[in-house]
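One-letter residues, chain by chain:
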Amino acid sequence: DKKGLNFETKDKNFKFKLGGRIQADANYSSNDNFVTAGTNNHVEANDGTEFRRARIDFTGTFFKDWNFKTQADFADNGVAMKDLFIQYTGLGFMSATVGQQKQNFSRELLESSNDLMFAERSLMNVLNAPVVDRAIGLNLQSEAKKGYTAALGIYGDTITANKPAAPNKGDEGWAISGRATYAPIEEKTKVVHLGVAGNYRAPNADDKVLDSSGVHYVYETNHMSNLNLIDTRVTGVNNIKMMGLEAAGLYGPVSVGAEYTRTWLDRKNGGTNLELDGWYADAAWTITGESRHYKQGRFYKVDPAKNFSFKNGGLGAWELAARYSDADLNDGAFRGGKMSNVTVALNWYLNSNIRIMGDYTRAFNMTDAAVTTVTGGKPDTNDTFTIRTQLAY
Amino acid sequence: DKKGLNFETKDKNFKFKLGGRIQADANYSSNDNFVTAGTNNHVEANDGTEFRRARIDFTGTFFKDWNFKTQADFADNGVAMKDLFIQYTGLGFMSATVGQQKQNFSRELLESSNDLMFAERSLMNVLNAPVVDRAIGLNLQSEAKKGYTAALGIYGDTITANKPAAPNKGDEGWAISGRATYAPIEEKTKVVHLGVAGNYRAPNADDKVLDSSGVHYVYETNHMSNLNLIDTRVTGVNNIKMMGLEAAGLYGPVSVGAEYTRTWLDRKNGGTNLELDGWYADAAWTITGESRHYKQGRFYKVDPAKNFSFKNGGLGAWELAARYSDADLNDGAFRGGKMSNVTVALNWYLNSNIRIMGDYTRAFNMTDAAVTTVTGGKPDTNDTFTIRTQLAY
Amino acid sequence: DKKGLNFETKDKNFKFKLGGRIQADANYSSNDNFVTAGTNNHVEANDGTEFRRARIDFTGTFFKDWNFKTQADFADNGVAMKDLFIQYTGLGFMSATVGQQKQNFSRELLESSNDLMFAERSLMNVLNAPVVDRAIGLNLQSEAKKGYTAALGIYGDTITANKPAAPNKGDEGWAISGRATYAPIEEKTKVVHLGVAGNYRAPNADDKVLDSSGVHYVYETNHMSNLNLIDTRVTGVNNIKMMGLEAAGLYGPVSVGAEYTRTWLDRKNGGTNLELDGWYADAAWTITGESRHYKQGRFYKVDPAKNFSFKNGGLGAWELAARYSDADLNDGAFRGGKMSNVTVALNWYLNSNIRIMGDYTRAFNMTDAAVTTVTGGKPDTNDTFTIRTQLAY
Numbered sequence: 040d041k042k043g044l045n046f047e048t049k050d051k052n053f054k055f056k057l058g059g060r061i062q063a064d065a066n067y068s069s070n071d072n073f074v075t076a077g078t079n080n081h082v083e084a085n086d087g088t089e090f091r092r093a094r095i096d097f098t099g100t101f102f103k104d105w106n107f108k109t110q111a112d113f114a115d116n117g118v119a120m121k122d123l124f125i126q127y128t129g130l131g132f133m134s135a136t137v138g139q140q141k142q143n144f145s146r147e148l149l150e151s152s153n154d155l156m157f158a159e160r161s162l163m164n165v166l167n168a169p170v171v172d173r174a175i176g177l178n179l180q181s182e183a184k185k186g187y188t189a190a191l192g193i194y195g196d197t198i199t200a201n202k203p204a205a206p207n208k209g210d211e212g213w214a215i216s217g218r219a220t221y222a223p224i225e226e227k228t229k230v231v232h233l234g235v236a237g238n239y240r241a242p243n244a245d246d247k248v249l250d251s252s253g254v255h256y257v258y259e260t261n262h263m264s265n266l267n268l269i270d271t272r273v274t275g276v277n278n279i280k281m282m283g284l285e286a287a288g289l290y291g292p293v294s295v296g297a298e299y300t301r302t303w304l305d306r307k308n309g310g311t312n313l314e315l316d317g318w319y320a321d322a323a324w325t326i327t328g329e330s331r332h333y334k335q336g337r338f339y340k341v342d343p344a345k346n347f348s349f350k351n352g353g354l355g356a357w358e359l360a361a362r363y364s365d366a367d368l369n370d371g372a373f374r375g376g377k378m379s380n381v382t383v384a385l386n387w388y389l390n391s392n393i394r395i396m397g398d399y400t401r402a403f404n405m406t407d408a409a410v411t412t413v414t415g416g417k418p419d420t421n422d423t424f425t426i427r428t429q430l431a432y
Numbered sequence: 040d041k042k043g044l045n046f047e048t049k050d051k052n053f054k055f056k057l058g059g060r061i062q063a064d065a066n067y068s069s070n071d072n073f074v075t076a077g078t079n080n081h082v083e084a085n086d087g088t089e090f091r092r093a094r095i096d097f098t099g100t101f102f103k104d105w106n107f108k109t110q111a112d113f114a115d116n117g118v119a120m121k122d123l124f125i126q127y128t129g130l131g132f133m134s135a136t137v138g139q140q141k142q143n144f145s146r147e148l149l150e151s152s153n154d155l156m157f158a159e160r161s162l163m164n165v166l167n168a169p170v171v172d173r174a175i176g177l178n179l180q181s182e183a184k185k186g187y188t189a190a191l192g193i194y195g196d197t198i199t200a201n202k203p204a205a206p207n208k209g210d211e212g213w214a215i216s217g218r219a220t221y222a223p224i225e226e227k228t229k230v231v232h233l234g235v236a237g238n239y240r241a242p243n244a245d246d247k248v249l250d251s252s253g254v255h256y257v258y259e260t261n262h263m264s265n266l267n268l269i270d271t272r273v274t275g276v277n278n279i280k281m282m283g284l285e286a287a288g289l290y291g292p293v294s295v296g297a298e299y300t301r302t303w304l305d306r307k308n309g310g311t312n313l314e315l316d317g318w319y320a321d322a323a324w325t326i327t328g329e330s331r332h333y334k335q336g337r338f339y340k341v342d343p344a345k346n347f348s349f350k351n352g353g354l355g356a357w358e359l360a361a362r363y364s365d366a367d368l369n370d371g372a373f374r375g376g377k378m379s380n381v382t383v384a385l386n387w388y389l390n391s392n393i394r395i396m397g398d399y400t401r402a403f404n405m406t407d408a409a410v411t412t413v414t415g416g417k418p419d420t421n422d423t424f425t426i427r428t429q430l431a432y
Numbered sequence: 040d041k042k043g044l045n046f047e048t049k050d051k052n053f054k055f056k057l058g059g060r061i062q063a064d065a066n067y068s069s070n071d072n073f074v075t076a077g078t079n080n081h082v083e084a085n086d087g088t089e090f091r092r093a094r095i096d097f098t099g100t101f102f103k104d105w106n107f108k109t110q111a112d113f114a115d116n117g118v119a120m121k122d123l124f125i126q127y128t129g130l131g132f133m134s135a136t137v138g139q140q141k142q143n144f145s146r147e148l149l150e151s152s153n154d155l156m157f158a159e160r161s162l163m164n165v166l167n168a169p170v171v172d173r174a175i176g177l178n179l180q181s182e183a184k185k186g187y188t189a190a191l192g193i194y195g196d197t198i199t200a201n202k203p204a205a206p207n208k209g210d211e212g213w214a215i216s217g218r219a220t221y222a223p224i225e226e227k228t229k230v231v232h233l234g235v236a237g238n239y240r241a242p243n244a245d246d247k248v249l250d251s252s253g254v255h256y257v258y259e260t261n262h263m264s265n266l267n268l269i270d271t272r273v274t275g276v277n278n279i280k281m282m283g284l285e286a287a288g289l290y291g292p293v294s295v296g297a298e299y300t301r302t303w304l305d306r307k308n309g310g311t312n313l314e315l316d317g318w319y320a321d322a323a324w325t326i327t328g329e330s331r332h333y334k335q336g337r338f339y340k341v342d343p344a345k346n347f348s349f350k351n352g353g354l355g356a357w358e359l360a361a362r363y364s365d366a367d368l369n370d371g372a373f374r375g376g377k378m379s380n381v382t383v384a385l386n387w388y389l390n391s392n393i394r395i396m397g398d399y400t401r402a403f404n405m406t407d408a409a410v411t412t413v414t415g416g417k418p419d420t421n422d423t424f425t426i427r428t429q430l431a432y
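Taken in order, these protein sequences are the chains called P, H and F.
Those letters in the first sequence? Residues 40 to 432, per our numbering, in order.
Those letters in the second sequence? Residues 40 to 432, per our numbering, in order.
Those letters in the third sequence? Residues 40 to 432, per our numbering, in order.
Bound-form chain P, shown alone (with noise of 0.2 Å):
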């Protein structure tokens, strides 16, 4: 059916699907003419056709009480694996998750690609993913319970094979993260989102989840246009501490949200600590009065009323939605870069698999980025337009 290919024992006891997802990208950019900064080298956004996701996913259930799910990315002619877990949920007040999985932090993180009204994360993404997306790990996730979730987990690295560039010297980093959230309005239509996440990470030499060569915080204006605006490492990083603040709104057709990271980077040697923030506020409009879902602390994608259909008339649903989003990698003596950007986008759900996404967005005010205009100068502006055929099931 449209949740892709399900098979359930009669007493449900076990249950199998097979999924997956294509998001086919087209990206052109204007205004990308610059040098990468201090030098002389020519750098200009990368314009075509990619894959930004290709993948497939095995889940299922096993007496009862025992999920897991394999998926699988093959975007880039490669394998990146994602959500590769077994869990249990035969305690019934909690779930436990022992593999890889995104760790409890920021609401837009936690949000699939499938549901994000954007086709990319904001710009306080940046601070976010290299730290706190998918690692292996130990999550406990709380049943929701009047308007409470609540996630506490303990992980390693990523999945990333463990080859050591010669002499090897040094275990893992390790992490904790933990988000809880309340809604103390949760209708079908109507809903009032807060969270609160936290995350330390002490990171080590083989540290995979960090580079070993620092945190790596990068801004690429889209997935394949190779041009970074934000490209810094930070170095010698004794620990990272962060704190991710969220609060979202839901009034039938309308949705608004925000988020806020702060990130403070603990340094060795004699290295100045740093922090570091960013944040975001979004707000999306269906046209045609479909909501978006909520549950257990998450959104999702609207589904449309009336599916589009050439011979009958069907429109599907049709979303307007708008972010401004900032991040500021400027602290003291270290400039990581600051910068501002806009993105308006024009989504049509065809059907409840089915999407295509029109994106248009200028990053500005930017300060210590790191490319500048071939004559040395400040960058001005950069436009990037993505247009996205999506199925998910």
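Do not rely on the hints blindly, as some may be mistaken.
Copies of the same chain look alike in the list, so a pair counts if it works inside one copy or between any two.
Said to hold, decoys possible - 30 Å max Cα-Cα, derived DSSO-like pairs, lysine-lysine:
no.	residue 1	residue 2
1	K103	K49
2	K345	K184
3	K103	K56
4	K49	K141
5	K307	K103
6	K56	K121
7	K417	K184
Because the hints were derived from the structure by calculation, they are not lab data.
Fit chains H and F to the supplied structure of chain P, relying on the hints for placement.
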């Protein structure tokens, strides 16, 4: 069933199929004692075993009008994504396909390796493979009507991972290709097929369909031999135009076919323009009497009238096939190589899923090949033997 | 059901199964402060988390007599194809298998990692892994009859991508291996098993089963430690002969077993011929009383009499196991290393799909190891701890 694992809802609006193929080869070469032209580097065909293809594919239909296909090849212990697209068929008179797919060019290139009468495509394909094989794009394909089919597509690059070598200076290339076929006779065991195709490609610095270091034309004697008789690059290409002509026929157990490809390379910076061409003619006879199949401008393998069975005495289908092919990559001062080869094949179709193939190919008439004899002379002939066991579902 | 996703047509002539496995490990080492022998390069076991295996497999039957298996491992964010074959069973008295498969050698090597009592194979396997693990070939396996089984196969190389480093000078190697087993006693909970196996391999310049830079024998303390206590290459190998002896028994909840492997390396260009050997003995006791399984010369894990359930009080099956193993890669002037290790394991089988394993392994009696203490002395001991959560279906 024999088509793999198939599911559909009762109203047939949702379908799902798991498929795959395994092609396990053993190769042996003789007359393979050469040196790379102009050097003392000894080269010899690598004999042994390999998987030519090892694929799995997910295909399906959502809401009746939306098809998709995700096909991955794991044959070299890596991932090569093949078909990866979303298709809309709701218009009725034509379908629109977005994603990675073969471009509209050449009956031989468009024919699945599951169906080809020979283990490898012809020498003519040396011209087609680097330019008109799969790419990401949007393709429109008409429904076949009164024997006519037509297709037109616009494409960017292939899925190849989009990471540039150091300073990134360019965008992807793009291409348009179209193909039209006409079958004046189209009965179950009697077919006359005519086709014409054209392609225009404008490569760019970072174009992956064409290698950034030039259009790379290669003839490897078999897929694992690492012995390239043609191995040449055309650099500084402004644009490529290609024309293809096809004629084929089927009469009961006998089928014949021929194709011709002509390529015009327009070069910049005062480089000489080039005209290269290639062609093949093939014929097959099913000893056991079955006919090959034809549908919408494409040919498909025979299905045995009686499956092979050790116990019940079925023989399966036996097919004899022969092909002559020729590639001419010499034009004026440009000496990319010019040669012919001839292939004879004996194919055993045990049932509709299993096929065992024996191929013998001799290359000859070699001028300006990429290798010479150990004394620097013109190579005389090269022979290669292939046995393939194929499972397709 | 518990065997994954199974389908068959009513006449059982067509079958299809989706299977997979996830093995998520956490590793910790102590006594791991070494330098690479003869250098000042500090080496230390890498502690942390990893996926040991993450596989999906498609298996099935076509037209009753034709089986296939396609198995891919994605554990290191790459693809390693494992079983990949087409099998004909229509002869009745024996099956013929074409494709990549394990060669006929060693009970331990042939036993699935899903069934092994320990997280890793023994020190003896240091000799087997580079020579008699999976390769592409044709294998004949008799039906088990009155306790006897016999198998004989001829093989080329593994599936490893066939791209040579620069001038290509050689063909693949090839090998023959055979194994015969006899079970004088074969009841459900009472088994005596005897086995003998032989292998002959003629490597070649471009042989991927053996690395082209020599047969590479390695003992890594665990799969992610990057700490190799044995790490040696035998170059200039003319051919390799191997002999394996097996004895094992089962009596209710108790099982015992032992194996011995001897390797003769015949070297060219006046290199000294070498004789290397290794062995192990293991024993297991299922505290909860279940028996391991035996079928056609192979052993399989226990299935719990009562599945674990937090709510209903089932305990699953609990197993205690111990193993002593030894490898001697020293012969005359060749000092590849000689050492022993001992492993104890506590395994918890929660149900027939889920297993949690705790392993402790100590290596000792090390002579000519690949590492020394930081002061250049002989390493004393090394300890490694592994916890594995396994899902297999």
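Unmet hints by their number, sorted upward, for this structure: 2, 4, 5, 7
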